[in-house]
Amino acid sequence: MVKKLLPLLILMLCQSALQAQPNVSVKSSVNKHTLYLSDTLVHTVRITTDSNHNIPAPAAPVVDGLRLINQSSSTESRMSIVNMKYERSIVYNYLFYYKPTRTGRITIPQTKVTVKNTVYYSQSITVEVVAGGGSSPSTDPYDPFGMYEDTPMPEGESFVMPIPEAKSVFVGEPVIVAYYLYTTQEVRSLNLTEEKDFEGYGKSLYEQPQNLSFERVNYRQQSFKRSLLKKMVLYPHLAKQIQVPQLVGSIRYLRYGFQNRGFRSEPAHIQVKELPPGAPKGYTGAVGVFNLSQRLSDQTLKLGEAVVLTIQINGKGNFNQFTAPKYQSTPAFQVSTPKIKDQLTSGIKGVRLLQYTIIPKVKGDIKLPAFKFSWLDSKTGKYMSFSTKEQTLNVKPGSASPGSQPSKTLKELQMLGLSGKTSYQNQDPIYLSWWFWLILALILLSLIPSLYLHNQRRQKAKDPKKWQSKQLQLTLKQELHRAIQAAHDRDPEFYHIAQSAIQNYLNTKYDLPAHLCQAELMEALAQNGVDAELIALISSFFTQIQAARYAPATHEQDHFQQLAKTFEQIVTALEQA
Amino acid sequence: MKRTLFALLLVLCMVSLTAQNAISSSIVDSSAVSEDQLLLSKLEKIEQQGIKDADLYYDIGVCHHRLGNIGYATLYYLRALNLNSAHQASQHNLNVLKKLNPEAFEPDNLYLLELLKRIIAWLNYPRLAVLILIFTLFVVICINWLLHLKPDSEKGPPVLLLSLSSLFLLIFGLALPLKMHSVKNDTRAVVVSPQASGFIYEKPDDSSTPIPQASIVKIIDQRSGIYQVRTPSGAIVWMNADDLGKVMP
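Taken in order, these protein sequences are the chains called A and B.
Numbering-wise (this note's numbering), the first sequence opens with residue 6 and increments by one.
Numbering-wise (this note's numbering), the second sequence opens with residue 21 and increments by one.
I should point out that these hints are in silico values taken from the structure, not numbers from a laboratory.
Ideal Cβ placement from N, Cα and C applies to all residues, glycine included.
Any given hint could be a false lead.
The following label-pair restraints were derived from C-beta to C-beta distances [claimed, not checked]: (1) B:Asp-172 to A:Arg-495: 50 to 56 Å; (2) B:Lys-175 to A:Arg-495: 56 to 62 Å; (3) B:Lys-119 to A:Trp-442: 38 to 44 Å.
Pulled a few chain B residues facing chain A out of the computed Cβ check, cut under 8 Å [claimed, not checked]: (4) Leu-143; (5) Thr-156; (6) Arg-250; (7) Pro-252; (8) Gly-254.
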């Protein structure tokens, strides 16, 4: 079975794998394998596919000894129907025009094309450049008259630079890294294809503009246009030097025509420091620059009412990584789980409100202990603490009885803890268990005997005579079986069983007295309209039985069988009567 | 031969999977390791083994609740309640979250509707199953009583009891499959991201509105990577799938 199924499964998987992969081929060629320094080399990358996949334009190969002067592209689409089979192919041609800058053997590397996560490569090509110039300069398609050959325009420069907000941070302290594109070229668009991550941090997106928006800046004593590509927040969790994520992609810029160029962002590092020792008690991991303030909703209240202590944390830091400190209940009041309200940008800048509901349990003056919140100030590298002033609540007698409404309110606001379970198991629904269905079946099956009994009673009540007759016939049949068994065993009990069975049947059916002798019985039967032949048979049977009873010599097998046969005949006749 | 076939099968599976898979997320977990986080990772490992236990989901929810991830806490409390609708601790903690973040939850219904919802929640699978057994037994006893009643006896009491028992049996008998169906087709999802937003069209635009964390939304439609949902306020918006956690994964 397995042997049969496996090849089938493999075939199906092969098919699915083949269907998932587009049919793509990538080939490259050059117009000349040997060329002079003055010649133009045209490197063509030809991508053929059978369907409309989104194929990104390959970046122009960077070749030592060749200078890219232009690039162009074209697309061909072909359809054909051969033998009722529809075939389609789309060909993308990418032409890269190079000028040699040195003599010797030069290898153009493989061109990489990624389609649906699969990478395809063209073959590498080696050309030989020799000194001199045999060809006419007009081989350059964009400069047929050689007007610009001697004074090529500078290609310009483009690069992506990550700029971390801080060079040194503490573990857990969020740091924003901005990625800028610096360029001197006419960049028209930029495509980010990959984000390479390194060890030691978590990250989230902070800002990503939809369009390139350039500003003029000076960098390395040179004027550049700069555009923000992306801002991300890094959350370092390892105390070491970490490298920020590297962006990979391609830029499309205009020079004669549109050209593509791949890029990788420059490396940038951030030094991550361990948290300094001496963290205060109750420190919950907050790192950043914070300002805190507190507010108590009311200082005078009635028993049964509640006040809210609000702590406002304002600033910049790892809001996503610290929790609200506990404000301990005392015998005089109870405190709810804090309600946290955030108004944050990307989880690092803004305001957090911690609201503790305080419910007094007793009347009188209640002193609220100081609330303490500690954090590591990332500017100074020192632990800071915020402590509220000790405040007094004036609790007046209220209409609610002490301990009732406040504790109810508190209970409603206090989250419950863990279940305390140490092992977990699948909880199959009870209706899937066998015992549920067994009990249900037993309950329903118990109706069957009850219905049977009910039916019996109903029949008896409906036609008592018929029911009695049926019962008599049943008894007679049972007696017949007993008698046959006794006859088979040559048991003298046979005579008694047979005679009693017939007599009882006749007495009950025809309502005859039990003390009648044989002759009187026959007469009574005749009066009740019983067939004379049957009366004769019964009479004869009784005579034979009486004879046999008092003549033991006749206890032979044949004799018993004969009598049993006669008894059976009488029973059949009585049933039909 | 068999081994070779199996190896081939495995290789093909991998090829097939890599051909279909999208690029996985490169975000690294950066949270500080605390006691609750250690417990959470342990519980999540148990969950990954495929164990479906209401207490397990509840404990995961409590860990998230303590860590301040109220979106995930809500999600796991709801998962626990899907397995055992009478899980009181989950219901209580969900109510706490509701009281502390009212903007993320639907406003309370009318009293009678709330009462009905509570009754339905109390009737979890084991209770429904036991009630079905009890009322089946009552029905059978009443039928027996009626069958064997003397002809001249008063039939009112057994008929009344039989009617009531049958009615309850019908209610509970229908409630069980209906409950199973509603749990299986639960379209609710919870906003797990603190910075989630909903947008009118299928792509983010300037008109995006923030959706509070822990909001329970209903999925109406889904496309690759985005869901069309109905928010607690009744608005129909599109949301990134990454911002949501489905109650019935």
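We went through each hint and held it up to the structure:
With their beta carbons about 54 Å apart, B:Asp-172 and A:Arg-495 fall inside the hinted range of 50 to 56 Å. For B:Lys-175 and A:Arg-495, the hinted distance range of 56 to 62 Å is satisfied, since their beta carbons lie about 57 Å from each other. Take B:Lys-119 and A:Trp-442: their Cβ atoms lie about 42 Å apart, and the range 38 to 44 Å holds. With its C-beta approaching chain A no nearer than about 12 Å, B:Leu-143 sits outside the 8 Å limit, and its interface hint is violated.
With a cut of 8 Å, the hint placing B:Thr-156 at the interface with chain A holds, because the nearest CB-to-CB distance is about 5 Å. For B:Arg-250, the interface hint is violated, the least distance from its beta-carbon to any beta-carbon of chain A being 24 Å, above 8 Å. The interface hint given for B:Pro-252 is violated, since its Cβ lies 17 Å from the closest Cβ of chain A, which is over the 8 Å cut-off. Annotation: interface hint on B:Gly-254 violated; nearest CB of chain A at approximately 23 Å, more than 8 Å.
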